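**Q** Listed here are the chains, written in short residue letters.
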Amino acid sequence: MYIIIVGGGRVGRTVAEALLGGGHEVLVIERSAQKCEALREDLGSMVIRGDGCEASLLADAGAERADLFIAVTEGDEDNLVACQVAQHRFKVPKVIARVNTPRNAEVFRKLGISATVNAAETLAHGILRETRGVGLARLAPFPQAGMYLISVRVPRGGTAVGKAVTGITMPKGAAVTLVVRAKGTPVAPGPDVLLDAEDEVVVLAPTDQEAAVAAALASRPE
Amino acid sequence: MRVLIMGCGRVGSRLAVQMDAEGHDVTVVDIDPKAFGRLPPSYKGFTVTGDATDAAVLTSAGIESANVFVAVTQGDNRNIMAAQVAKRIYSVPKVVCRIYDPLRQEIFKELGLQTFSPTTVLTSMIHDVIEQ
Chain V
13 MYIIIVGGGR VGRTVAEALL GGGHEVLVIE RSAQKCEALR EDLGSMVIRG
63 DGCEASLLAD AGAERADLFI AVTEGDEDNL VACQVAQHRF KVPKVIARVN
113 TPRNAEVFRK LGISATVNAA ETLAHGILRE TRGVGLARLA PFPQAGMYLI
163 SVRVPRGGTA VGKAVTGITM PKGAAVTLVV RAKGTPVAPG PDVLLDAEDE
213 VVVLAPTDQE AAVAAALASR PE
Chain S
33 MRVLIMGCGR VGSRLAVQMD AEGHDVTVVD IDPKAFGRLP PSYKGFTVTG
83 DATDAAVLTS AGIESANVFV AVTQGDNRNI MAAQVAKRIY SVPKVVCRIY
133 DPLRQEIFKE LGLQTFSPTT VLTSMIHDVI EQ
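Sequence lines, in order, name chains V and S. Every number in this note's numbering is 12 more than the matching position in the first sequence, counting from 1. Every number in this note's numbering is 32 more than the matching position in the second sequence, counting from 1.
The set of hints was computed from the structure by calculation and includes no laboratory data. Note that the structure is a prediction, hence the values are computed from the model and not measured. Keep in mind that the hints are not guaranteed to be accurate.
Quick list of in silico lysine-lysine cross-link-like pairs, PhoX-like style, CA-CA up to 25 Å [what the hints assert, rightly or not]:
| hint | chain 1 | residue 1 | chain 2 | residue 2 |
| --- | --- | --- | --- | --- |
| 1 | S | 76 | S | 126 |
| 2 | S | 66 | S | 76 |
| 3 | V | 106 | S | 76 |
| 4 | S | 126 | S | 141 |
| 5 | S | 76 | V | 122 |
| 6 | V | 103 | V | 122 |
| 7 | V | 184 | V | 195 |
| 8 | S | 126 | V | 122 |
| 9 | S | 141 | V | 122 |
| 10 | V | 103 | S | 141 |
| 11 | S | 141 | S | 119 |
| 12 | V | 195 | V | 175 |
| 13 | S | 119 | V | 103 |
Generate the whole structure from the sequences, applying the supplied hints.
**A** Below, the structure written as structure tokens:
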């Protein structure tokens with residue numbers, strides 16, 4: 013694939029390196045001469061200096077044959093406009109924009125840029141995923157459905173210990189998808205799967221029901 | 033008319049004063065409160081400090097009831113984003129947007145924005161003077 017990345021900061025560079033490693037043809041467009049120089053040293057010649065919103069520069073960059081266009085500068089308005097130019101003028105089939113202000117993800121969607129990545133949310137998501145085993149952890153978001161795949165660890169002495177996983181009442185809209193035994197063995201939930209302390213229960217739950225799921229699985233007797 | 037102007041630079045402040053003097057209900061938004069120094073004491077409209085690409089700022093500036101939205105900050109992309117938000121999300125009936133870059137202006141005109149490029153306008157005016 014031919015991929016154009018606008019913004020050669022830390023995010024742009026990391027994405028470029030990963031895509032180059034995957035055997036793709038990658039071009040980075042960066043405004044700062046200094047950053048361009050550093051990128052050129054590391055990535056070779058596939059760096060051009062300039063404004064990634066400028067149609068003439070994008071034409072020179074061969075945007076009309078790009079399969080993927082990624083805008084990851086620190087300016088939300090710049091990322092939006094670059095993606096819109098790529099989408100409308102150059103008919104790039106897939107565009108991805110970074111949003112720095114979380115609220116803007118919704119704005120971008122309404123303006124036709126559906127694939128956005130929000131730095132703050134992604135970082136928070138990464139941190140929450142690492143809380144597996146401590147309590148409730150978020151494994152994967154499903155924003156269109158308003159749901160999260162979450163994991164809850166059954167505590168020692170908890171009310172759920174010894175019960176069949178199917179016998180535990182889940183809040184409305186939530187469903188147990190997997191039980192991971194303390195030793196790391198995954199088992200499909202069923203009436204014969206009795207929960208044990210330290211089991212991890214993976215649940216698909218509406219975002220507003222996370223606390224109720226945690227209460228059902230991780231409560232301790234009064 | 034309720035007029036919301038984004039950017040209190042030379043154009044924004046001048047337009048605000050003119051519309052205010054004509055009896056319209058004017059609000060000017062600028063990220064830098066010092067910019068409001070361009071407004072004379074006779075200006076009776078409102079000022080709001082903040083980033084007009086931020087939905088919360090637009091709401092407090094009364095975008096929901098605005099009849100006209102004008103984006104004239106120094107940044108083309110900022111103007112383009114704010115104008116699209118005003119038009120497509122808040123359905124403001126009349127939205128005008130300044131874009132210095134003629135190529136970018138063309139693209140967003142095709143996308144349905146009412147745009148002005150001072151670069152194109154001035155070039156053709158100067159050209160006309162030369163040709164006279």
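**Q** Decide, hint by hint, whether the structure agrees.
**A** Here is how each hint holds up against the structure:
{"no.": "1", "hint": "S:76 / S:126", "result": "holds, 22 Å"}
{"no.": "2", "hint": "S:66 / S:76", "result": "holds, 17 Å"}
{"no.": "3", "hint": "V:106 / S:76", "result": "violated, 48 Å"}
{"no.": "4", "hint": "S:126 / S:141", "result": "holds, 14 Å"}
{"no.": "5", "hint": "S:76 / V:122", "result": "violated, 35 Å"}
{"no.": "6", "hint": "V:103 / V:122", "result": "holds, 19 Å"}
{"no.": "7", "hint": "V:184 / V:195", "result": "violated, 30 Å"}
{"no.": "8", "hint": "S:126 / V:122", "result": "holds, 19 Å"}
{"no.": "9", "hint": "S:141 / V:122", "result": "holds, 18 Å"}
{"no.": "10", "hint": "V:103 / S:141", "result": "holds, 17 Å"}
{"no.": "11", "hint": "S:141 / S:119", "result": "holds, 13 Å"}
{"no.": "12", "hint": "V:195 / V:175", "result": "holds, 19 Å"}
{"no.": "13", "hint": "S:119 / V:103", "result": "holds, 23 Å"}
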